[in-house]
Amino acid sequence: MSAQKTTVEFNDKVVRQFLLASVIWGAVGMLVGVLIAAQLNFWQLNFSTPWLTWSRIRPLHTNAVIFALVGNMMFAGVYYSTQRLVKARLASDFLSQLHFWGWQAIIVSAALTLPLGLTRGQEYGELIWPINVAVVLIWVVFAVNFFWTLARRREPSLYVAIWFYIATIVTVAMLYIVNHLSIPTSWTHSYSLFGGVQNALVQWWYGHNAVAFFLTTPILGIMYYFLPKAAGRPVYSYRLSVVHFWSLVFVYIWAGPHHLLNTSLPVWLQDLGMTFSLMLWAPSWGGMLNGLLTLRGAWDKVRTDPVLKFFAAGVTFYGMATFEGPLLAIKSVNALAHYTDWIIAHVHGGTLGWNGFMAAGMTYWLIPRLWNKPLYSTALANLHFWIGLVGILLYVGAMWTSGITQGLMLNATTEHGTILTYPNFLDTVNVIRPMMLMRVIGGALYLTGWFMMAYNLWRSVRGAEPVNGTIEVFDEEPSHGAAQGLSVAGWVLNAPVLFCVLGLGFASAWMFGGHFVSIAGLIGTMFCAVVAFSHFEARRKKWGDWYDKLLVSAVPFTVLTFVAVVAGGLIQIIPTVVIHRAANVEDRRQIPYTPLELAGRDLYVREGCYLCHSQMIRTLVPDVLRYGDYSRLGESIYDHPFQWGSKRNGPDLARVGGKYPNVWHLRHLENPRSISSGSNMPNFPWLLANALDVSTMPRKIAVQRQLGVPYPQWTDAEITASIEAQEKAIARDLRDAGAYVAPDREIIALIAYLQQMGHYEKVTPTGTAPTLAD
Amino acid sequence: MFNRIIYGDSTAIFTVVAFGFAASIFITISWRALRMKRTQVEHYENLPFLTATPASAATTEFGGGPKRPNPLPADEGAPLSRP
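Here the protein sequences line up with chains A and B, keeping their order.
Quick note: the first sequence, position 90, residue 90 per my numbering, numbers continuous.
Quick note: the second sequence, position 29, residue 29 per my numbering, numbers continuous.
In case anyone wonders, no lab produced these hints; they're calculated from the structure.
Be aware that one or more of the hints could be misleading.
What the hints assert, rightly or not - Pairs of lysine-lysine, DSS-like flavour, derived with a Cα cap of 25 Å: (1) B:K37 x A:K549; (2) A:K331 x B:K37; (3) B:K37 x A:K541; (4) A:K87 x B:K37; (5) A:K762 x A:K659; (6) A:K87 x A:K301; (7) A:K87 x A:K5; (8) A:K13 x A:K87; (9) A:K728 x A:K700; (10) A:K229 x B:K37; (11) A:K647 x A:K659; (12) A:K301 x A:K229; (13) A:K331 x A:K647; (14) A:K87 x A:K549; (15) A:K659 x A:K728.
Stated by the list, open to error - Okay, the calculated bits of chain A under chain B, using three or more residues with CB under 8 Å as the criterion: (16) 153–164; (17) 241–254; (18) 269–279.
Said to hold, decoys possible - A few chain B residues that face chain A, going by a derived Cβ cut-off under 7 Å, partial list only: (19) A12; (20) F14; (21) A22; (22) I27; (23) I29; (24) S30; (25) W31; (26) A33; (27) E45; (28) L47; (29) P48; (30) T51; (31) A55.
Just so it is clear, the structure is predicted and the values come from calculations on it, not from any experiment.
Don't be surprised by glycine CBs; every beta carbon is placed ideally from N, CA and C.
Generate coordinates for the entire structure from the input sequences, incorporating the hints supplied.
Next comes the structure, spelled out in structure tokens:
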């Protein structure tokens, strides 16, 4: 039978679309970033407008950069490289277009809803539930298109870049779905399924691994494809890339709790997060060195070629950020750095340096290939690089200085550690103002470079003819390498998988079982390990063959990658979710909010107060001296979503309730500078003008009850009566203090919530959670 | 142990076991990667070079300048050898 040669044309149209979208949305996201950085210096820049206020558009900045800039860039890189690595056109043109337009619709929806204050109140998970559903659907479209293409591949071997893409697709799906589980109260509002520490753990399991599997693994795949192509030589060590992939996938997923160090999170989880974060040093630096060493012998090209310049600097920033991350995950370093600008420096080293520069390098590399026209100006691309680099260094340098300065000041004590050296939080803010200004300049420079790229791109493609890549293939080539891969039975019924399943089963019995089951599990685990090793020694070749076949079998590879990432999540989350119930809380337990306080809390979430104010007093002496007794687990057990926060642009509010009179909060929200001279907090005048919408409260309380908050079976009338009574009491108190506000204004509800913070009840050893009716 | 997982000190065992588990994976994969055959490694590392869309033949300065040879590698054709 003679092999017939045919030409396959790649679907590069969708690559071009995603590439252009990445550049456009990147400019929008960074423009908002520069605006909010400027607002920290000049609070007036919100123009007393709700939808331009820092705390509402900061999520717009983060979501735009993560999901719009990096997301679109990632899809462009994945689709371009995958088609060529597997020698097949994308499986479906329809799914490709659905993916592109669906993703852009999601971005537009986010850009409209976030400034309106429609948010879930969790960082990087702010989008409201209908958009969450759309994200999942479009991600499934992406997954189907990708795996369908793999199934039609003509190259049986899966290059390491494809491994990273597979890990990205399955892990992001898992993280996104679990973290966004909510019960809707309306079309634009929902309460997270998890509360308090459960919510904190799930949120940072998601938040950290969004960085890992959305901002890192796909870009590593892109690095492993585009860097060798640009350098004109294979990756330095393919062996190292294998170690890089598996160790990263196994280790990354465990590190989320390092975002919650020194908080009321159980100590074993904090230790777990810190240990695995430190372990991440090895694979991350392995990958970074592998990238940089790929340029061996090609460094002379870096001098003139902007693509290699961006890649070399991008990979270097990856190394820097992944050195800094584990460093910040050490508890004692974290005590200084957490809640300060040091974390902001770390994040921007990664996003501007690693993601932004890799995106720029890939864009410059793709332009001449996708439009069959030379880049308009190499000199402009080189200028973009230098301006961007200076911008990043100014930004990151300023934030390092700012973070360490403020951290040292906030933690400084005198009189043998019994008195704070700088008791006024604003003293520490005003010291870092020059650094905050430098950040604006650095960000603006980086944005200028990005605009240069957009201009270069526009001039390059203007009048150019888009071209699609092609490849000649033989008709008879196997479509998916089935002959060399594993059959379904083959990848399940074999020694490595069976021993792993058996071992995990015994280990689970050991960890979670009762007395006898636990001992049996321990013996079984040891027995399984010994037998597995003996079997491996006797059938070494078979074990090796299985692994080799795994590398050309997409489905088993995907399933095992999923098992690798799911293990870390389950071990952290399941015990906390199952056990952390009100009945098991020791020491202190939160008192459920009254209906008005709950309404006020929803306003607190709407305005994004958690982005500047934490509600978590850490187990550190300076925190306790400044804010009061350290926070206990039970004190936020009914908080859906939790509001522990991750950054303190202002002081912690966990125990602010009762600290100041109602009128203090009124004046402070109306104009913070009337109370706190030198404050950079924006005015919130609309809270005095807007009437509180109480019509949704019965439904919200019903959902809270479903979530386990011990509310009694109130009627709608009882809820309304409770709200009105508390509103009137606060309004009366304000009037007595000389401030006249109608009882039905939003600010009354927010004051009710703020005044409730820090209130708890003592838990009796045998007591069950009381209800408000009690 | 399990019912005091929030507060109990004995739960430190989780960290130790998890560390051992991840370390064993790391060692196993490293051993496996080191034992990859040279031909297998060369096959995998050359996969990006088997299919390519070449760059436009020239690059210019600000569109109208003299054309220069494409500095980017012609990445089609035979697999590249290690330099």
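Hint by hint, here is what the structure shows:
Pair hint B:K37 plus A:K549 holds up; C-alpha atoms about 14 Å apart against a cutoff of 25 Å. The hinted pair formed by A:K331 and B:K37 fails the criterion: a straight-line CA distance of about 42 Å is larger than 25 Å. For a cut-off of 25 Å, the pair hint linking B:K37 to A:K541 stands: about 13 Å separates their Cα positions. For the hint linking A:K87 to B:K37, the alpha-carbon distance of about 24 Å falls within 25 Å, and the restraint holds.
The suggested pairing of A:K762 with A:K659 holds, with an alpha-carbon distance near 20 Å, which does not exceed 25 Å. Pair hint A:K87 plus A:K301 does not hold up; C-alpha atoms about 29 Å apart against a cutoff of 25 Å. Taken as a hint, the A:K87 and A:K5 pair is honoured in the structure, with Cα atoms around 13 Å apart against an allowance of 25 Å. The suggested pairing of A:K13 with A:K87 holds, with an alpha-carbon distance near 17 Å, which does not exceed 25 Å.
A hinted pair counts as satisfied when its Cα atoms are at most 25 Å apart, and A:K728 with A:K700 qualifies at roughly 22 Å. For the hint pairing A:K229 with B:K37, the CA-to-CA distance comes to about 23 Å; that is within 25 Å, so the pair holds. Using a Cα cut-off of 25 Å, the hinted pair A:K647 and A:K659 holds, with the two alpha carbons roughly 22 Å apart. Between A:K301 and A:K229 the CA atoms are separated by roughly 13 Å; this keeps the pair inside 25 Å, and the hint holds.
Taken as a hint, the A:K331 and A:K647 pair is honoured in the structure, with Cα atoms around 17 Å apart against an allowance of 25 Å. For a cut-off of 25 Å, the pair hint linking A:K87 to A:K549 stands: about 19 Å separates their Cα positions. Distance restraint check for A:K659 and A:K728: the Cα-Cα separation of roughly 21 Å lies within the 25 Å cut-off, and the hinted pair is therefore satisfied. With a threshold of 8 Å between beta carbons, the proposed coverage of the stretch 153–164 of chain A by chain B holds, since 5 of its residues qualify and at least three are required.
Check result for the stretch 241–254 of chain A against chain B: holds, 7 residues qualifying (beta carbon to beta carbon below 8 Å, three or more required). Here's how the stretch 269–279 of chain A fares: 5 of its residues keep a CB closer than 8 Å to some CB of chain B, so the rule of at least three is met and the hint holds. With 7 Å as the threshold, the beta carbon of B:A12 comes within range of chain A, its nearest partner Cβ sitting at about 5 Å, so the hint holds. Interface restraint check for B:F14: the shortest CB-CB distance to chain A comes to about 5 Å, inside 7 Å, so the restraint holds.
The interface hint given for B:A22 holds, since its Cβ lies 5 Å from the closest Cβ of chain A, which is under the 7 Å cut-off. A distance limit of 7 Å between C-beta atoms decides the matter here; for B:I27 the minimum to chain A is near 10 Å, and the interface restraint is violated. Annotation: interface hint on B:I29 holds; nearest CB of chain A at approximately 4 Å, less than 7 Å. Contact between B:S30 and chain A, as hinted, is supported at the beta carbon level, the nearest pair being about 5 Å apart and thus within 7 Å.
Interface hint at B:W31: violated, since its Cβ lies 10 Å from the closest Cβ of chain A, which is beyond the 7 Å cut-off. A distance limit of 7 Å between C-beta atoms decides the matter here; for B:A33 the minimum to chain A is near 4 Å, and the interface restraint holds. With its C-beta approaching chain A no nearer than about 4 Å, B:E45 sits inside the 7 Å limit, and its interface hint holds. Because the closest C-beta pair between B:L47 and chain A is about 4 Å apart, less than 7 Å, the hint holds.
Taking 7 Å as the C-beta contact cut-off toward chain A, the hint placing B:P48 at the interface holds, the least distance being around 5 Å. Below 7 Å, beta-carbon pairs count as interface contacts, and B:T51 has one with chain A at about 4 Å; its hint therefore holds. This hint holds: B:A55 has a C-beta 4 Å from the nearest C-beta of chain A, less than the 7 Å allowed.
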